[in-house]
Amino acid sequence: MSSGLLRTPRVMISDHPLPWLLPLLAILLVLAVYPFFYNIWLSFHEFVPRSRGIEPVGWENWQILFNDPRLWNALWVTLFYTAVCLSIQLVLGMGIALLIDSDEPGYAFIRGVLTLTLVIPPAITAMMFLLMEDAQFGMVPYALRVIGLFASNQTILASPQLAIWGVILADVWQWTPFMVLIFVAGLRSLPRDPFESAMIDGASSWQMFTRLTLPMMGKVIAIAVLIRGIDLFRMFDYVYVMTSGGPGTATYTLSLYAWQQTFSFIKWGYGATISLFSLFIILVVANLFVISTRLRW
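Note that numbering that gives the first Met the number 0 has the sequence shown beginning at 0, numbered continuously upward.
Treat the hints loosely; a few may be bogus.
Simulated restraints on C-beta separations [said to hold, decoys possible]: (1) Leu91 with Phe35: 34 to 40 Å; (2) Leu97 with Ser158: 30 to 36 Å; (3) Arg69 with Ser158: 16 to 22 Å; (4) Glu195 with Tyr37: 56 to 62 Å.
Straight-line C-alpha distance at most 20 Å; calculated SDA-like pairs for lysine to any residue [unchecked claim]: (5) Lys218 with Pro190; (6) Lys266 with Phe65; (7) Lys218 with Leu186.
Keep in mind that the hints were calculated from the coordinates and are not lab data.
In this text, all values refer to a predicted model and were calculated from it rather than measured experimentally.
Glycine is no exception: its CB is placed at the ideal position from the N, C-alpha and C atoms.
Please construct the entire structure, taking both the sequences and the accompanying hints into account.
In structure tokens:
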């Protein structure tokens, strides 16, 4: 009888999934589920400095959001930034991956070196490029002046037309290797028989790339685009360090605008509303992309 009372419950035996899932579920509840529902609650409230408390405001924050021209400008900047960075990184990533997809000596070392940019914190990368694009002693403006693309009085980060491109340059430098590594892994997993048959039939390298490599790499490309697209849409570090959204609102992104409203203007409710709006856009676009590409979550 005593041995039966002291018997360990089956759910606590190592081959049962529950003990292994409980820590993960606890982390999700604390770091994801609770903040999400708190954000929803906060979007219908606002911090009032006069009373030093949070008071309900109903749908006021949402009404302000849809009539806020700065928010729509931030959305446009975010979409432009995401589309341009994703396109450049996709093309460069695939091109470099094709070049280093080899078992010859030295190529493994090159693939290892490419991971170095990924371990640098984005804020540090932003600071590096802030110095490199400085109007007085930056190497990027100097190089552009040497080749005749820049006048002596032109700047990058102080120009409303060029500032966003200066930020894009930092992002492309740091995250193109991420795309390269994903594409190299995809290329090295492709079967070799179709390519050998195509070579025997006299197919050119371009024909093999367009008719064999790209179709078979479709899912890998789609996954890379999905991951980087979501990450780019919520970009904050580069803009905050390099331009702080300026000059004017030329580089204002949704994440930066939400941060400013929350912590600079102490509008906690409106900042939460902008964050939820961003999350809604990401969920809709990501799911439409998954459906169109037939990916499996």
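Quick rundown of the hints versus the structure:
1. Leu91 with Phe35: 34 to 40 Å: 35 Å, holds
2. Leu97 with Ser158: 30 to 36 Å: 35 Å, holds
3. Arg69 with Ser158: 16 to 22 Å: 20 Å, holds
4. Glu195 with Tyr37: 56 to 62 Å: Hint holds: Cβ distance 58 Å, inside 56 to 62 Å.
5. Lys218 with Pro190: 15 Å, holds
6. Lys266 with Phe65: 16 Å, holds
7. Lys218 with Leu186: 12 Å, holds
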